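Hey, can you work out the whole structure from these sequences and the hints?
Protein chains in written order, with the numbering used here: chain L, 15 to 298; chain P, 334 to 641.
I should point out that these hints are in silico values taken from the structure, not numbers from a laboratory. Predicted model only: the values in this text are computed from it and were never measured. A portion of the hints provided could be inaccurate.
FRET-style restraints, in silico, Cβ to Cβ [as the list claims (entries may be wrong)]: (1) His31/L with Ala601/P: 50 to 56 Å; (2) His396/P with Pro55/L: 53 to 59 Å; (3) Phe205/L with Phe392/P: 36 to 42 Å; (4) Trp72/L with Ile371/P: 25 to 31 Å; (5) Gly99/L with Leu391/P: 26 to 32 Å; (6) Arg446/P with Pro214/L: 22 to 28 Å; (7) Ser538/P with His69/L: 55 to 61 Å; (8) Gly487/P with His31/L: 30 to 36 Å.
C-beta: ideal position from N, C-alpha, C; glycine also.
One-letter residues, chain by chain:
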Amino acid sequence: MSFVKGVAVNRNRLALHVGCLAALLVMLYPLAWLLMTSLKPANEVIASLDLWPSHLEWSNYSTALDGVNGVSVTRLLTNSLLIAGGAVLGNVISCSLAAYAFARLRFRMRGPLFAFMIATIMLPHHAVLIPQYIIFNKLGLVNTYWPLILPKFLATEAFFVFLIVQFMRGLPRELEEAARIDGCGPFRSFFHIILPLTRPALITTAIFTFIWTWNDFFTQLIYLFDPDKFTLTLALRSFVDASSQSSFGPMFAMSVIALLPIVLFFLAFQRFLVEGMASSGLKG
Amino acid sequence: MTTTIARPAEAPPAAARPKRQREGAAWVFLSPWVLGAIGLTLLPMAVSLYLSFTDYDLFNPPHWVGLRNYTQMFTEDPRYWRSVVTTLTYVVIAVPLQLALALAVALALKSMRRGRAFYRSAFYAPSLLGASMSIALVWRAIFNDGGTVDNLLGTGGWVNKPGWSLLAVALLTVWQFGAPMVIFLAGLQQIPGELYEAAAVDGASRWRQFVSITVPMLSPVLFFNLVLQTIQAFQVFTPAFAISAGKGGPADSTLVYTMYLYDRGFVASHMGYASAMAWVLLVVIGVVTAVLFRTSRAWVFYASEGER
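Structure follows, in structure tokens:
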């Protein structure tokens with residue numbers, strides 16, 4: 015801290031930091047609570063007011079690892095990773111293809127189609143949910159991962175198309191013009207020039223897709239009912255009805271396990287996430 | 334794509350190629366999106382509209398009932414209205430609180446030299462974590478009987494009180510103010526500093542600068558956040574589901590619209606009724622968005638008109 019500078023300015027700044035830190039402590043409390051409760055013995059979960067457990071009850075975690083409904087956490091974790099991985103792959107491929115067409119190519123109907131694409135960002139999921147369910151049901155794909163992954167390969171998450179369009183529009187036109195004179199068609203321009211330069215937007219798309227798919231509950235709730243196929247999120251749902259406090263420790267241990275990938279992603283990629291979110295609200 | 338790469342060297346440069354061919358390339362890039370837009374958006378919307386005029390349980394063929402789903406919804410179903418009121422209440426509480434907090438923190442961080450990046454990330458974290466079932470379960474425990482909030486305020490468990498349970502759901506949304514905050518902060522940083530300097534020279538007070546410079550310059554971003562958060566708030570599901578143990582209780586006080594839709598469609602197998610609910614939601618969100626866009630002409634200021 016620069017205490018040498020003007021005292022009044024410093025005091026203001028100090029107050030700002032104190033205020034921000036206080037706000038941060040309040041905001042982080044639920045996370046601290048989660049971590050501590052996952053290590054508390056059963057009789058302290060509600061009875062004790064202390065955040066800190068009297069002793070660390072690691073057995074909560076071993077119980078959690080056994081899983082729910084006879085399905086191990088390893089299995090649930092694999093299922094979650096499979097779905098999130100598929101979604102990431104689908105979104106990155108399909109959204110970057112569509113974005114390139116919208117951002118860099120000319121074609122008839124581009125204006126109206128782009129407007130339609132933007133409008134689908136605002137479209138409530140529920141307006142298409144039931145027919146989509148019926149379609150997947152008719153195809154015999156309910157209780158498989160296809161309804162959760164396949165739509166991502168068809169660029170249905172317009173938010174990401176928009177994000178990548180915004181980014182691609184910022185790239186200089188001369189790049190492709192030079193390439194075109196050298197005989198580069200749109201496909202080579204896309205793969206060799208535009209796509210590598212779009213990497214930051216693609217990484218942002220990948221991370222957001224992973225986290226949102228990981229967190230998603232509604233779609234999984236509707237499409238999956240075989241405990242073997244459950245994701246971590248869905249398995250946590252089994253605890254929703256259970257009110258017995260003896261299962262509190264393991265339940266929150268499992269919550270921590272389910273949250274861990276998001277925390278790790280956040281710590282590793284926070285710059286991409288914050289910048290990606292910031293640029294979504296601004297003109298490109 | 335291999336055909337393009339394998340094109341012989343003597344092929345004419347792309348610029349000279351017939352226009353139709355280049356247009357064809359665009360449609361190749363667009364094809365997954367077109368497939369999705371038709372097969373997973375437009376077609377389902379049409380089907381959902383059709384189903385909303387039928388009785389359909391997934392197993393027997395849909396049976397045309399005309400407007401009955403809609404009349405039943407509006408005139409004979411108190412739980413439907415309950416869910417409408419609950420959702421509107423939630424939107425009106427959660428969205429302004431969340432945006433106000435987001436703006437306040439963004440303003441505080443803007444004037445900060447050191448540590449801004451750290452706070453920005455730290456305040457943003459809940460936006461990612463908060464959407465999870467894990468945090469929704471934490472929320473239920475904290476706001477339950479004997480939970481932290483009960484111990485601090487002695488109010489008893491909000492989760493079990495019809496008048497308070499929805500507030501617990503709303504506070505979970507408010508807690509996730511980081512995403513709009515980040516967008517606000519980015520918007521604030523784009524306001525040219527000269528504007529403030531000029532205003533300070535003219536003797537404008539801090540408040541005056543805020544009202545006359547910050548608010549108008551930030552209004553497009555404010556509008557963006559308002560539209561986005563409102564649309565999202567109308568579709569809230571997971572926290573209400575978790576906090577009410579999947580039942581929308583106590584006394585239907587957390588029975589938000591999408592939860593009732595889920596209940597009618599996927600628990601009670603009234604797909605026609607749920608489709609009608611979905612279409613009303615679509616229309617309401619459309620109308621609310623349109624109204625926001627309409628009023629925005631009066632208060633949203635674009636520095637470079639016509640660029641949008």
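Practice problem: Go through the numbered hints given earlier and state which of them the structure violates, listing their numbers in rising order. | Solution: Violated: hints 3, 4.
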